[in-house]
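Visitor: Next come the chains, spelled out residue by residue.
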Amino acid sequence: MVDEAFREPLLRWIPLLPLAVALLHGISLGVLRRPWARGAVIAVSCGAPLLSLLAAGISFAHLVALPDEGNLLLDVVYTWIGAGLGDASFSADFAFQLDALSAVMTLLVTSVGLAVHVYAIDYMDHDERDDRGFQRFFCHLNLTMGAMLLLVLADNLLLMLAGWQLVGLGAYLLIGFWYRDATHAYAGSKAFIVHRVGDFGLLVAVLMLFWALSDVGAPTMAFRGMEAAFGELATRTFAAPDGSAEILLVDVIGLCLVLAACAKSAQLPLHIWLPDETASPTPASALIQTATSAAAGVYLLCRLSFLFAAAPLASTTLAWVGCCTALFAAVAAAGQRDLKGVLAYSTMSQLGLAFLAVGCGAYTAAIFHVVAHAFVKCALFFGAGTVIQSLQGERDMRRMGALRKRLPKTRFLVLTGGVLVLAGLPGSAGFFSYDEILLAAYRSSLPGREALDWMATATAVFTAFYILRCYFLVFEGDSHVEREVRAHMHEPSNLVLGPLYAMVLLAVFASLLGFPEFWGDRIGIEDSNSLANFLAPVLSNAPAGKLSERTEWAVIASGASGFMVGGLAAWWLYLRNPKLRARVSGSVATLLGLVRSGYGADEIYDRALVRPLLGVSDRVLHRGAEQGLIDGLAVNGLARAIWLLAQNSLRHFQSGMTQGYLVVTIGGVLCILLYLVR
Amino acid sequence: MTLISAQVYLFYGFAGLAVLGALGSWLLVRNAMAAVMSLIVTVVSLSVLYVLMGAHAVAALQLLIQAGTALVLLLFVLLLVNPDPGGFGTRDPGQVVIQIIGAAAALAVGFVIAGTVSVTLPLPAEAAPGSGGFRELGVQLVTVYAVPVEAVGLLLLAAVVGAVVQTRQEGR
Amino acid sequence: MLAIVAIKCGLLLLVLLGFLVPAASWIERKQSALMQDRVGANRAEISGARLAGLLHPLADLVKLVSKQDLVPEGASRALFELAPWVAVIPGIAAFAVIPFAGVYPFADESVSLVAADIDWGLLHVLLAAALASFGAVLAGWSSNHGGARLGAVRGAAQVVSYAAPLGLSAVGVFLVFGSVKLTDMVVAQDTTLRLAGVVEAFGVAVPGWAQGFPFTIPSWGIVLQPLGFLLFLTCVLAQQGRPPFDSSESGGELAGGYRGEYTGLRGGLFDLADLLGLLLIACLLTSIFFGGWAIPWLSTDAILGGLAPFVGEALATIVCVALHLTSFLVKVLAMVWLQLLIRGSLPRVRYDQLMDLCWKRILPLSLANVFLTASAMVLVGAVG
Amino acid sequence: MVPIEHIVGLSALLFTIGVVGALVRRSLLAMLISIQLMLNAAGLAFVGFNRIWQGSEHGQAIDGQVFTVIVISVGAAQIAVGLAMVLALVRNRDSMNVEDMSVLKW
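Residue numbers (my numbering), protein chains in the order written: chain A, 1 to 678; chain B, 1 to 172; chain C, 1 to 384; chain D, 1 to 106.
Hints may be right or wrong, so weigh each one.
[Claimed, not checked] Using C-beta positions, here's what the derived DEER-type ranges look like:
1. B:165 / A:57: 54 to 62 Å
2. C:344 / A:57: 51 to 59 Å
3. C:34 / A:34: 38 to 46 Å
4. C:305 / B:153: 45 to 53 Å
5. B:80 / A:193: 54 to 62 Å
6. A:599 / C:360: 55 to 63 Å
[Unchecked claim] Residues on chain C that point at chain A, a partial pick, calculated with CB under 10 Å:
7. 378
8. 379
9. 380
It should be emphasised that the hints constitute simulated quantities derived from the structure, not laboratory data. Just so it is clear, CB atoms sit at the ideal spot from N, CA and C, and this is done for glycine as well.
Excised from the complex, chain A in its bound form (with noise of 0.2 Å):
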């Protein structure tokens, strides 16, 4: 089946390396109820992200290393789930697969990863809530760590749908990890069942797509031989449910899944769970937010890109999801004043941006857009968590303020790795992949394509704001500190600042990653987006039209000027003329108000959703079916019939004699017998 040469049995411990230490680590918390010491916590913990990061690289160098016929390697532990006979038969390996794309991604979430763990030993180490939260902690680490690569890695959906799931229950237990105050556990529940929903449009799609594909012939569920069957299937349809019109059946498998990437990545209707997420230790939050459930959405996209580069109606849906999100939660984001709050609505925002780009057929664009925000994401989660600990606690931005003073270092690693490229500064990676992005807008010809275009636009303009505002409100300006608390700052330790300094350098350098073709025409270089062109066998990119040389040059300039217009903005409200800002906030209150409650989406959920259910099983599932009909009719009414019946007749056959029954089963036996052989 598989070229010997293909082969790569480093592939299985990449994921499996992480899970074992979670599964070692919960015998030991749950079983046998005794925590290890720290040193050693941190020495299996932490060296399983790092042999994991290591096997990624040699498997990684193996791939680039392949003849030019093989572009994956896989690596087949055994036959997962085997059904069925000849050509009816299927069968899914427990197999990992590692192809451009997958091993981008391995690479970033390992990567992360190891930078989170190590980040997570000082952070965890002044954690006194729980006796046993610090190996707690690190096995929910581990486990979210090594179901993403499991997600990642898996060769067939099956054992993504796996991953899927193990990611969930990982965001679940770190956002709940402070299980003992109630809103952390409420938050940690309202991920869960929101990651719920989406499970369930991945799952009705997966059973959809087997569906399918078995109708034509192919049943498999591995990637590759889902794409090769794939082209009988993209032109099925069935007529709508009024019979008005045909629809793809692409277009449902992929709006099922949309679904399901809504619910990961925090797309607009199921956001609701990542601004409740920052009641996450912060290591979490930068596993959660960067490498882990926010890419896996995107990840699932772009892995079954054959799949939406076929259905027009889902990618539609896709690009219109993605930038209304993020325009709306890079506004929301510019009026939270709990810092973590700003950074949650970002990756909404940013991942909303990488939506856009899927939706767009620019799928890696997709991908450069989410690595890169990885990195920035994770450096600024990273110099929060700093500012935060070094405050005691506090998030509140108003009660911060010319923290320049007191932490050099991570001031300067936060404006350089995070901050400005974030907010797009020219040449950053957060500029060119924003342009990238707007450029697949240009593009594609979507429905109401211009309005997609402004409404990025103006999401660059906000980003550059939120996050400019954020950094003065935070570094810059008049300290708002308590006297007390600033007497006891300092900069963190070195065990803090390394992963820092990691994750700012990759964030830095990610603009070579991606660097366009357009300014590597320019300067000479041939190829220059070296992950374009890795990533470009893999993925079915949309067909590249050539725009004129002004278009793109508009593209840039717009791009450019959201920067300078919301950095500028920023500027002038927070350390320029702070009155004015009171002005203007006071005169729009009631507006702020609900972009900071994020447009008050819980309380519509509460309202549209919540109430009208609990309404509906209150009154008519519990008291109506539950109490009247299962309870009243059919136990009770049941009991009483029997209870008659026994009480009238059946009672007398009740001898007390036990071979008195024995001959009465052999009697009956008998003449079963002797009517079978009549």
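Position chains B, C and D against the provided structure of chain A, taking the given hints into account.
Guide: Just chains B, C and D now, kept in the frame of chain A:
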């Protein structure tokens, strides 16, 4: 004496032993130990018959599970409760007559059924015994018969739980 | 055909009763003397020759034969007389599947040094031992003696304890060797494991100089199944009623337990059954965990290939058989010595303690061992 | 070899002995033994029929032997529960007579 005919003689010999053992477990009521031992004779003879019919694996399992474990458990309980020789089975003359009549009737019915089965079923012609090794049996057990095996596992679990619950004394 | 079987059985009995049993009884005497810091058996003599106590087995035989056979009053005579034979005969039959050496080509025939290479191999040993355990119960019950009866209860309880874990603890071995036949197991151990293979499993190449002799270990069962060895050893000791699991015949408290009423030759049969149990355990451990007749780092092919050019094939084969037989017997006697060491150093375990040990410790550990073995085999790609 | 009728006959004989034993014996232990006898008879029939089906068009099928294995396992379960009942009966009623188990009759 060829091997085949030796097998035939062995078969009837151990068949007779099995019947004797069965009768013994019934008739040796005065001595509970002897009754159990004669049941063991039956079980062992049956496993010899299985070997002669080519079912080696079944024979081994029969010895291992039935004789090796289940009947030892029986002996263990027998030694624990220590029934007095008369208590194992009371017999009065009237009962003996009823027993003999019942046994004869049951035997008649049994043979009628067995005969009918053998005559009426569309049985294939006699064939040489095939394999009955562990590999074949094991493959069948974990593939085709996976569900029955799981069901038996559940039954055994239920039996264990039931046994523990029944024998647990109050207040312990 | 039948003649070969008869010859094999005769040879087996000869080796067993003529060499191994006396040797084991001598080692038993000497070892316990050593453990108790006294001078061991050295009294028996024939015209001045004492031979370091080697004559004691002979003296035992003479003593047992010349003693009176008593049947206690109130005993059920038939069962009482049957019991020792029930204990001994399966005990001897169990040795039928022990491979004393391998299979060798002689001219056109291939000769194997196992009495009966039957399909269910190790299970034959287990079920023979299971049948033998009836002997103890029968003896205790039919003796009409309180102590003996208690011994029988304990013996039966012991069977109920070890039966399930014994089978399960061997499953790991079955998995590793892919067979239940002892002959197959030993052949699988007649080779070496390359330590380099472990590294190569991770996809890293190993240089040629690190592939050879000092970097290999014999692929013995104890290397592949260390936990399985401990569990199996414990269970099989309990099965044979060897110390420290000999509460059913404890001399001190029950006055000999189930066999207290047996004298003379019938009592001697129980002694014989004891020694056979000792030897059976040793043979099993040797065959399953210590490579059987295999000589470490010196495979059969190596011996035959190395000798044949010099001395001719027939002689080479004979030398090879002799080497293997010696290797096997040496290992067996070492295992006997190991058991006697255990006997000399561990206190006796109560039968309820044994039940606890078997069901609460060994059974879960055996299940874990099976699970770990299976997953390890899947992960390193030994299966499928 | 031996004709199938003889095997079925032997099975029927053993089964009948078991049935009669279970019907006429008042001791719970004896009933247990009789039930074991019945199960063994059933197993014998399975193996016997398996042997003649084996060479037919069903090839190497050993379904009958599988069923015998299952019957053996069921027998083990039955012994476990039955003995627990014996112990409970002896402990509470100080007898092994099944006719003492009649508290729940009407």
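Visitor: Would you mind marking each hint as holding or not holding in the structure?
Guide: Hints and how they fare:
{"no.": "1", "hint": "B:165 / A:57: 54 to 62 Å", "result": "58 Å, holds"}
{"no.": "2", "hint": "C:344 / A:57: 51 to 59 Å", "result": "56 Å, holds"}
{"no.": "3", "hint": "C:34 / A:34: 38 to 46 Å", "result": "42 Å, holds"}
{"no.": "4", "hint": "C:305 / B:153: 45 to 53 Å", "result": "49 Å, holds"}
{"no.": "5", "hint": "B:80 / A:193: 54 to 62 Å", "result": "56 Å, holds"}
{"no.": "6", "hint": "A:599 / C:360: 55 to 63 Å", "result": "59 Å, holds"}
{"no.": "7", "hint": "378", "result": "5 Å, holds"}
{"no.": "8", "hint": "379", "result": "7 Å, holds"}
{"no.": "9", "hint": "380", "result": "9 Å, holds"}
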